[in-house]
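Assemble chain B onto chain A, guided by the hints.
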Amino acid sequence: MKRSTLSIAVAAVALAAFPAASRAQRYTFNVPAKLVNISFESRMAVEDIVGSSNKIRGYVKRSSSGKVTFALKVPVKSLKTGISMRDQHLRSHMWLNAARYPYIQFVGSKARKLSAGRWRVTGLLTVRGVSRRTTVVVRVRKIGAALAARAGLGKANWLRVRAQLTIRLSQHGIRIPGMAAAKVNDKWTVKISLFARQTP
Amino acid sequence: MKALRTIALVAVALAGLAPASAWVLDSHFGRTVQPVTPSSPEAVKLNKMLYEPGGSVAEIYGVPTNRKMRVLFVKKSKILRPSEDPSLALLMLDKQAGDNPLQTKTVWFVAWRGLGMLLLLAALAFGGSILLGRRRRRKARLSAPPRAASARG
Chain A
91 MKRSTLSIAV AAVALAAFPA ASRAQRYTFN VPAKLVNISF ESRMAVEDIV
141 GSSNKIRGYV KRSSSGKVTF ALKVPVKSLK TGISMRDQHL RSHMWLNAAR
191 YPYIQFVGSK ARKLSAGRWR VTGLLTVRGV SRRTTVVVRV RKIGAALAAR
241 AGLGKANWLR VRAQLTIRLS QHGIRIPGMA AAKVNDKWTV KISLFARQTP
Chain B
532 MKALRTIALV AVALAGLAPA SAWVLDSHFG RTVQPVTPSS PEAVKLNKML
582 YEPGGSVAEI YGVPTNRKMR VLFVKKSKIL RPSEDPSLAL LMLDKQAGDN
632 PLQTKTVWFV AWRGLGMLLL LAALAFGGSI LLGRRRRRKA RLSAPPRAAS
682 ARG
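Sequence lines, in order, name chains A and B.
Sequential numbering of the first sequence, starting at 91, is according to this note's numbering.
Sequential numbering of the second sequence, starting at 532, is according to this note's numbering.
Chain A with its partners taken away, still in its complex shape (with noise of 0.2 Å):
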């Protein structure tokens, strides 16, 4: 009888400081592009290319048992850097080939808790159909339905990401040509910040 009120005891504190590994939880990223925010840029003598999109798919998932899994995509076509020449060749052969790889990919299922708020993610960044492993730090605000509803985003818990990334174009397989060199760093730093509501 002890030994079974102490079990019960210690499962409710369990559960009590693991919410979130208690159930499984369900985030999609499919949301209206107004809540995405991408945005890349690469720094040379020349000038600074900064880029964004606003178009994601994907979703994250916790399980009852606190494994991880994510998957996000991102049409290559919706990359603009505010120049449209410079967009056709962004996603022509020699660069992104958006008619043969048409979506940037993340896809993972590995991720642990550094402290309040941030993750360490792992997953497989595919870019131009290379696949790399890739590790980032992701900062993860929740926000209750109270507050998403005040903020006009309907009743349902919703999830800030943010993250930053970099992402070297040459471990892709793009060869920078010498004509855009001087133009085009091979390092391209992107940062994310999106929104993911909660689905059942």
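Simulated from the structure, these hints should not be mistaken for laboratory data.
Keep in mind that a hint or two might mislead.
With a cut-off of at most 20 Å between alpha-carbon atoms, the simulated SDA-like pairs for lysine to any residue come out as follows [unchecked claim]: (1) A:K273 with B:F640; (2) B:K609 with B:F640; (3) A:K273 with B:T637; (4) B:K579 with A:A236; (5) A:K232 with B:T637; (6) B:K636 with A:W278; (7) A:K273 with B:R601; (8) A:K145 with B:T637; (9) B:K579 with A:V230; (10) B:K579 with A:A239; (11) B:K579 with A:L237; (12) A:K273 with B:K579.
None of these values were measured; they are calculated from a predicted model.
Chain B only, in chain A's frame:
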């Protein structure tokens, strides 16, 4: 020959003018800003609700670039001075709408490249004029009757 010298002189003058123009543009029309890919009003509203003092102010309004940028001829309406920190000058760069301001580093790059090209052109034109002058003088010397022979005759 005269034309080549004129070209060389004009190239030298323009070479001097290129960095001078860049300097004038940079110092009079240049502005250092923090570029931000703007978020929608809905996202900004939510970010404001979630903002905690000490956090990044620029991130309320969108995704800021890692470094500041110096730009030319930017409309005042594109620059936001947030109430949370009015010392910031956030340049709202809506790439989806085609924003692409001229950067001072591009102007300086073109100016230095132009300077180099024009100085090269000037050197080539001067060199060409000197060579042409020498060739003409040699031709003139060869075609003229020798002085000693004419004196003896």
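Violated hints - listed by number, lowest first: 2, 5, 8, 12
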